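Engineer: Note that the working numbering has the sequence shown beginning at 29, numbered continuously upward.
Please keep in mind that the hints were generated in silico from the structure rather than gathered at the bench.
Please note that a few of the clues may not be correct.
As the list claims (entries may be wrong) - Between beta-carbon pairs, the in silico distance windows are:
hint	residue 1	residue 2	range
1	Glu84	Ala50	39 to 45 Å
2	Lys117	Leu142	39 to 45 Å
3	Ala87	Thr136	17 to 23 Å
4	Pro152	Asp37	33 to 39 Å
5	Ser53	Thr143	38 to 44 Å
6	His216	Glu112	53 to 59 Å
7	Tyr44	Glu182	18 to 24 Å
8	Phe145	Leu75	20 to 26 Å
9	Lys113	Lys141	44 to 50 Å
10	Gln93	Pro148	19 to 25 Å
11	Glu112	Pro152	43 to 49 Å
12	Glu126	Ala50	18 to 24 Å
Stated by the list, open to error - Subject to a maximum C-alpha distance of 30 Å in a straight line, what follows is the list of computed BS3-like cross-link-like pairs (lysine-lysine):
hint	residue 1	residue 2
13	Lys40	Lys178
14	Lys207	Lys116
15	Lys34	Lys113
16	Lys208	Lys80
17	Lys113	Lys51
18	Lys40	Lys114
19	Lys178	Lys51
20	Lys117	Lys40
21	Lys141	Lys207
22	Lys178	Lys117
23	Lys217	Lys80
24	Lys40	Lys51
25	Lys80	Lys141
26	Lys113	Lys40
27	Lys207	Lys217
Note that the coordinates shown come from a computational prediction; the quantities given were computed from them, not determined experimentally.
Yeah, the Cβ is synthetic: ideal placement off N, Cα and C, and Gly gets one too.
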Amino acid sequence: MKIYTKTGDKGKTSLYSGARVAKNSATIECLGSVDEINASLGTAISLLPEEKVFHELRAELILIQHVLFDLGAAIATPRSANNEKKLKKTYFQDGAVEFLEQRMDWMTEQLPKLTHFILPGGHPAAATIHIARSVCRRAERGIIPLYEEKEIEEPVLIYLNRLSDYLFCAARWINHLAKKSETIWEPHKTTT
29 MKIYTKTGDK GKTSLYSGAR VAKNSATIEC LGSVDEINAS LGTAISLLPE
79 EKVFHELRAE LILIQHVLFD LGAAIATPRS ANNEKKLKKT YFQDGAVEFL
129 EQRMDWMTEQ LPKLTHFILP GGHPAAATIH IARSVCRRAE RGIIPLYEEK
179 EIEEPVLIYL NRLSDYLFCA ARWINHLAKK SETIWEPHKT TT
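Make a model of the complete structure from these sequences and hints.
Structural biologist: Structure below.
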């Protein structure tokens, strides 16, 4: 089977429903952002050290990659335009949110208390997670119109909001495990 279909050569693509939409539609923009999050997570995973202390986090990030595919399926299946079978198949479960909250709570208990804003950076895997976090915020902003139009369900919106928080904690956790110090933001710092 060929990877290319040529059906998108005129700026349109298909949703799971079969509907054709412009590649710059709100739905496709959101799907692109979710794909960027997933690719950034894949990069971060590849940058994680092999030491055993990182194994649990690596497994968590891979699990989140799988969940992001489920999230994408829900976004690619507008709730207003699909049959019941497709809606049921792509319904996004809110249990994924609870998992993120539990993991954030656990990491936060282990990490030094956050008293200042910190700059993204540190270990390359942590810096890459910060990129995923910022793309996640973009996806969240982009999905609001779809939510307001009732094209996606609330668990999708909640998951993106919680995922960006989780990614912030995960970046801090990587730096903690890698013994990389966090750089505190210094307001009004100049180069002179």
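Engineer: Could you work out which of the previously given hints the structure breaks and list their numbers from low to high?
Structural biologist: Structure breaks hints 12, 14 and 23.
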